[in-house]
Amino acid sequence: MREAAVPLVLFAALAAAPFAGFGEGYMLTLLARAMILGMAAVSLALLVGGAGLVSLGHAATLGVGAYAVVVLDANGLTDATAVVPVAVAAAALFALATGAVSLRTSGVHFIMITLAFGQMAFFTASSLAAYGGDDGYTLYARTGLAGTRILEDRLAFHYACLGLLGLAYLFCRAALAARFGRVLRAARENALRVRAVGFDPYPYRLLACVIAGAIGGLSGVLLANAAEFVAPSYLSWQRSGELLFMVILGGLGSLHGAILGALAYVLLEEWLSHLTEHWRMIFGPLLVLSVLFFRGGLAGLLAPRRR
Amino acid sequence: MTARAPLLRIEGLSKRFGGLTVTDDVWLDVLPGEIHAVIGPNGAGKTTLINEVSGALAPDAGRVLFDGLDITRLSMPRRVRAGLARTFQVTCVLPGFSALENVALAAQARDGSSFRFLRPAAGEARLNAAAREALEAVGLAGRAAVPAGALAHGEKRQLELAIALATRPRLLLLDEPLAGAGPEETERLIALLDRLRADYAILLVEHDMRAVFALADRISVLVYGRVVATGAPPEIRANPEVRAAYLGEDEA
Chain D
1 MREAAVPLVL
11 FAALAAAPFA
21 GFGEGYMLTL
31 LARAMILGMA
41 AVSLALLVGG
51 AGLVSLGHAA
61 TLGVGAYAVV
71 VLDANGLTDA
81 TAVVPVAVAA
91 AALFALATGA
101 VSLRTSGVHF
111 IMITLAFGQM
121 AFFTASSLAA
131 YGGDDGYTLY
141 ARTGLAGTRI
151 LEDRLAFHYA
161 CLGLLGLAYL
171 FCRAALAARF
181 GRVLRAAREN
191 ALRVRAVGFD
201 PYPYRLLACV
211 IAGAIGGLSG
221 VLLANAAEFV
231 APSYLSWQRS
241 GELLFMVILG
251 GLGSLHGAIL
261 GALAYVLLEE
271 WLSHLTEHWR
281 MIFGPLLVLS
291 VLFFRGGLAG
301 LLAPRRR
Chain Y
1 MTARAPLLRI
11 EGLSKRFGGL
21 TVTDDVWLDV
31 LPGEIHAVIG
41 PNGAGKTTLI
51 NEVSGALAPD
61 AGRVLFDGLD
71 ITRLSMPRRV
81 RAGLARTFQV
91 TCVLPGFSAL
101 ENVALAAQAR
111 DGSSFRFLRP
121 AAGEARLNAA
131 AREALEAVGL
141 AGRAAVPAGA
151 LAHGEKRQLE
161 LAIALATRPR
171 LLLLDEPLAG
181 AGPEETERLI
191 ALLDRLRADY
201 AILLVEHDMR
211 AVFALADRIS
221 VLVYGRVVAT
231 GAPPEIRANP
241 EVRAAYLGED
251 EA
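Residue numbers (full-length UniProt numbering), protein chains in the order written: chain D, 1 to 307; chain Y, 1 to 252.
Just so you know, the hints here were simulated from the structure itself, not pulled from any lab data.
These numbers come from a predicted model, not from an experiment.
It is possible that part of the hints are untrue.
[What the hints assert, rightly or not] Example chain Y residues on the side facing chain D (calculated, C-beta under 7 angstroms, incomplete):
hint	residue
1	R116
2	R119
3	A121
Idealized CB from N, CA, C, for every residue including glycine.
If we strip away everything but chain D, and leave its shape as in the complex, we get (with noise of 0.2 angstroms):
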């Protein structure tokens, strides 16, 4: 029970902290953001820390579900009911494509064709004018809720966020730890292994990164419905660099890591750039420094010490 000690703090940490000094709306922004963050890490975590699969390219299923957003707006659906399993469906279905080229190499090639697919998307969104090219797209308004506008309140979306993010974690960590994630680990420490007791890895690993992209396309509803405004950026391979330094921050053995991850990398980003207008010159070094010297991540250090 002790390994679910973090975990469990982290959330109740969360729940409690709009009447615990962070509800003032900036604040909660700044929360939501890192938990809509925290759920992209928790996604990439499953591949990463999972199944092995270092994916640069993540960021590209956020961006998927943050556009379906827009295209459903435009046409003016705008209710959760539709946009949320549309937004979801287009991400997974944007994974399985790129999933399903890019599973069939490995290693830094499969790094730098999810990379690729990546740019793609980024590309892809930059060119469509219909919503906005470069300069983006400003929504309306929030996604409503079975026809009302409940998520317009700060409150509500800080906990449907929150409730959101639990759900992928509890998700993740048990499809981990069942029959499909010890093919996925088993598979990253060792292959061959893998494929000697009768398993081909890939349709796990296709699995894992549907799911992944799945969970991504969600966070990427949340995201443009937080700053109800969607750009390419979303999209660019900065950000999934990003999702993937809130991973190896957070420690690459768990996933409630990536959590932490996000937390930090956004709370530190704000927090350093009211400092000084210089702060990525302090960023930069402590995000070195972090790697070099907390191997296990900010998971690692909170972890109970064995033996």
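Got chain D sorted already, so can you dock chain Y onto it with the hints?
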């Protein structure tokens, strides 16, 4: 030849790497319940042969028949599911998994769908029971909880055998199961292989001549990718071509 149909038949298998012929028109079979050993000097193409039979490597020509079925084009996972399990010359285990979980993964491959997402696999009693049984069969039951990476070398060889057994094979392809084992471990492994012969047909590649002559029903000698002789151990020991090519001075 006896009336028993061979479980494994290798027909005219050939493989070239550039200008080098590593498998040269090999014909060989393994009968049910038989240990057929393949010996030969280093570089004779023994591991390549195992790779072609197990599906790790595609031959250029020839066929592999398993239980009468042509499996030459089947992938390795499908061959394993058909009942053809192998071990590796260089130990191939999951170092971060416990010994039990290494074997349970193999049991899982034989137990319905693995597209299951909610129930923790580590708690599945049926898989763990099958894994324990395989660990017991190789004498590793006491080390079930130890991470495979922390096992001694000989124990890893035993673990590989347990993993292979848990796939419920009919034929074992063993690629130098004694490689790197100390004298005591070797004794234990020979006794273990001797027990396994009751339930499995075995194609055994091995360098340890004492083990080969103690275990094998038949021996084939591979030199430069070619089978130069096949026969019962005494015939092989007496074969002048074999002595010249391989046994040489050790047996003098």
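Results of checking the hints against the structure:
For R116 of chain Y, the suggested interface contact is upheld, since its CB lies about 4 angstroms from the closest CB of chain D, less than 7 angstroms. At about 6 angstroms, the closest approach between the beta carbon of R119 of chain Y and any beta carbon in chain D falls short of 7 angstroms, and the interface hint on this residue holds. Among the interface hints, the one on A121 of chain Y holds; its C-beta lies about 4 angstroms from the nearest C-beta in chain D, closer than the 7 angstroms criterion.
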